[in-house]
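*Asks:* Line by line, the protein sequences give chains A and B. Note that this note's numbering has the first sequence beginning at 1, numbered continuously upward. Note that this note's numbering has the second sequence beginning at 897, numbered continuously upward.
For the record, the hints were derived by calculation from the structure and aren't laboratory data. Mixed in with the good hints, there may be bad ones.
Below 27 Å or equal to it, Euclidean Cα-Cα: the simulated DSS-like pairs (lysine-lysine) are [said to hold, decoys possible]:
1. 284/A to 254/A
2. 956/B to 2/A
3. 915/B to 23/A
4. 915/B to 66/A
5. 76/A to 956/B
6. 956/B to 66/A
7. 23/A to 956/B
8. 67/A to 990/B
Covered by chain B, according to a simulated footprint, are these stretches of chain A (three or more residues, beta-carbon under 8 Å) [said to hold, decoys possible]:
9. 48-57
10. 60-69
11. 764-775
Note that beta-carbon positions come from the ideal geometry of N, C-alpha and C, so glycine has one too.
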Amino acid sequence: MKPLPMWRRYERFFGPDPAADAKDEVRFHLDAKTDDLISQGWKPDAARREAERQFGNVRAVQRAGKKAGERMEQRKRWNDRWSDYLRDVRYTFRKLGHDPGLATVAILILALAIGSNVVVFSVVNTLLLRPLPFPDSQQLVWIGPPPQKCGKSCETYSADAYEEFRDQTRSYQGITGYEAFTGPDNLRLTGHGEPQPATGIEVMGNFFQVLGVQPKIGRLFTADETRMGADPVVLLSDPYWRRQLAADPNIVGKTIDLDSTPTTVIGVLPPSFDYGAVFAPGSKVDLFMPLILDRERMWGNILTMIGRVKPGVSLPQAQAEALAVEPHLCWNIKYPQSCGQYVGKDSSIYLRTLKDYVSGRLSRSLIVLWGAVGMILLIACVNLSNLLLARAVARGKEFAVRGALGASRGRIVRQLLIESLVLSGSGAVLGLGLAEVLISWLAHQGSLALPLLSTLRLDGQALGWTVVIAVSAAVLFGLAPGLRMAMVNLQEAMKDSGPGAGLGRKHERVRSILVTSEVALACVLLVGAGLLLRSFLKVLDIDLGFQPDRSASIKVEYDDNAPNEEASNAKRSAVFQQILERVSAVPGVEAAGMSDYLPFGPNRAWGTPIPKGKTYPPGALPSPLVYVISPGFIRAMGIRLHGRDFNWSDDQHGQPVVLINASAARVYWPDEDAVGKILVSGKTELTVVGVVDDVHEENLEGEQGWEIYYPAMQTGPNGAQLVVRSSLPPAALAGSVLHALRELNPNQPSAEFRPLRTIVNRAGSPRRFFMLLVASFAGLGLLLAALGIYGVISYTVTRQKQEIGVRMALGATTTRIQRSVLLSTLRLALAGIAVGTVVAMIAARLISSLLFGTSPWDAVTYLAMALALVSVALLSGYFPALRASRTNPMSALRAD
Amino acid sequence: MDRSKLEFFRGTLDVLILKVLVWGPLHGYAITNLIRRQSDDALLLEEGTLYPALWRLESKGLLNAEWGLSENNRRAKFYSLTAEGRRQLRLDTKTWQAYAEAVAKVLGATQPPLPEESA
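Sequences are here, hints too, so could you generate the full structure?
*Replies:* This is the structure:
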């Protein structure tokens, strides 16, 4: 082989051409073959034909050659590019290694920003974006009215209404529901040592089928098990099975004693099914029993309704059908006058997807959170842009030299972008670690009443999001310095050696703009956080109607089984009196009383009492929430009372008495004292013996509805919560109170002794959660802004060292120098605050629905924000100012 | 026996190409000639099938290709072995010899094998 001489390479002057290569190669073969054949004595024409015959399909081979060549060419190009990138990355690491301080700061800032973004994305994704953890969950709908003042009783349905609705609608594959009035620790598991409290809930027989949940082991309920007289059966939640039954793999078919009733375990639900996360945020449910409709028929509204619509049925279609069916629903089919009661202006069925029911009301908060965390990312980017710009100035010559040696602008911009990518990539890795820690911590915050939170985890989508924000951050903060560098005039850059040259000044302007925007962003965050904080403080200040501090509650077991209601009432009165006497005698107890329901828990309403002698059109008066309480409860709760409390003689032999709340009294007897007046409920006349303050029942922030209290001696309560008011901390009291209860009833389980403050805090936990997050983002924003200001001022001071030296040599005092530096700091901060205030006012309008008792233009918040920013700015300008004033004129002038 | 019926087993062509290139760079036509001559005209290949095989080996990195001038100053593409190609040749040669030996043993057998002893 002889090498191809240079001049013969003209044929590929315009780059590689695989098609021509293949053609040439085949042609050479045929030519050579023809020559050989001719030399063997063939005629030229025949020789050519023979050569082609022996070769085979010439065209096909050429085509294959073209393809193979193109593939190889492509691979070669990729390899070149790849090794280019590798070289750039290696160079980047070397460069960053020269300046470890900057790299560390940059990576830390990015880690914080990206980490918090990933956490918030995961929360938003879990609560808002991702479908519920059920198959085809978009088909699941919540059938019920919008939230009602009279609590759950007005949002649920009776057994008869459920059956009517199920039978008259056509849109659903199945309709199911659960018993809505179950409180925590409503069951006792006995037979395993000390009685253990457990939370069980009755669900309709088809509950799991409609949701699409399959048991991990065992089976679901059968139709027979939802009939009267069926043997009791139970399904276990996975955590309960592990915790309480040691994950016994042969549990199916065994019996456990629940409230002393032997109950057969028929299955264990999968770990992915978390009832509390979806239906009762902040609580856990251990056991599931079949709901027997015939047994519940007389109980009134106790059922929620959840439907799975047929494929192809739209929400508006189902809604129209529901409204058409609603007038035919009867509270109880035996009483025709109870038909049609579910229709109402604000209480008619309002179909929502189950997802919307579970987390819809959080969407605004979550979106605000997302915005806040996005702003953090923006501030971080601006900050880094600033840092890198400062570095780019220092590297101006390096790039000028590279440019002079033939590096294209694209290549230099690429180098800078790769540097940004390396930084943001490292930040993302660190941030992911941070996010993982935070996310697993959040997922285990059982006391946080946010739905689906327990299903929070760092998943593939979060990883994808991390990549997206890391890359866009890199582009965002790398592009500005990159473009600036690329646009630099080479000669100028080479000449620009002395301080105070033109390039430096131009950079400074850009950097000032960047810092100003950073301050403005921080300003928006601070205002948002401030407004949310003010709202939160306002919520803490709400008069709850009772005093949660120094009170605690425990669920009490008692036995009032008796052949008839009268005997049962008498037995219960005696038991309650005994218990309360005993508990009151415990040292430290100031007051004790019992109620079947507590605020912020389950609640119910029944009937609509009417003031004697007045008439109202049907539906004009709301149903008050009902509490059945013992004497002493009002005092133990710290509820203000006008009139008198119940006493033990308000029993079935005395006249029926009630307490009502102020809201009800105001409407029943406007401008009159309600005490002593008579309410009529059915045929019973109830004497109002006292009026109590409105107690917040459903939520902290809404308006309260009506409340009515019946004495437990006259009306059967639905369980008993003992409330104890004491001067001692609840924990110190728990033992002695439990001991007293055990003495009276050895079966009293060791239920949790819950301070009422905990219950209130749980109700306020979502607001606290959002407020804390936004506040920490604001803090982070402030810190980043301070860093940015410090960076710019400090850089300016360094650059003007000579100038300052001259001024000092000419007699400028230290104070004067300091003042001028601080003034320029202040100028930056004020510009930022001015822009930020305008943006913040727009943003505040957007979040106004999240505020409570706080105007979006709350002057205090804005003033505090401005004050905070100015002081932080002055603080971050102070150190450079100090440094400037300590400049030694002689050495400054001698430098360079 | 009809010589043209002596068809190539799959993969045979690759190892033959590698082998003939041991002695230095060759262009495609020279490779066909060499294979034919070295097998004493026993192995005939349809010449067109050689090129896809060459390109495949090139893209696998077993061959290196370079344009050069042939004996009569024509532009031709010359192939040579890469280090990877040499390694592959050694490997393939061993495999082929073992294979051929095994086949020869079976075909040359004069009596049925002894019954297998159960260990």
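*Asks:* Now tell me, hint by hint, if it's right for this structure.
*Replies:* Right, here's what the structure says about each hint:
no.: 1; hint: 284/A to 254/A; result: holds, 23 Å
no.: 2; hint: 956/B to 2/A; result: holds, 25 Å
no.: 3; hint: 915/B to 23/A; result: holds, 26 Å
no.: 4; hint: 915/B to 66/A; result: holds, 26 Å
no.: 5; hint: 76/A to 956/B; result: holds, 12 Å
no.: 6; hint: 956/B to 66/A; result: holds, 16 Å
no.: 7; hint: 23/A to 956/B; result: holds, 21 Å
no.: 8; hint: 67/A to 990/B; result: violated, 32 Å
no.: 9; hint: 48-57; result: holds (count 4)
no.: 10; hint: 60-69; result: holds (count 6)
no.: 11; hint: 764-775; result: violated (count 0)
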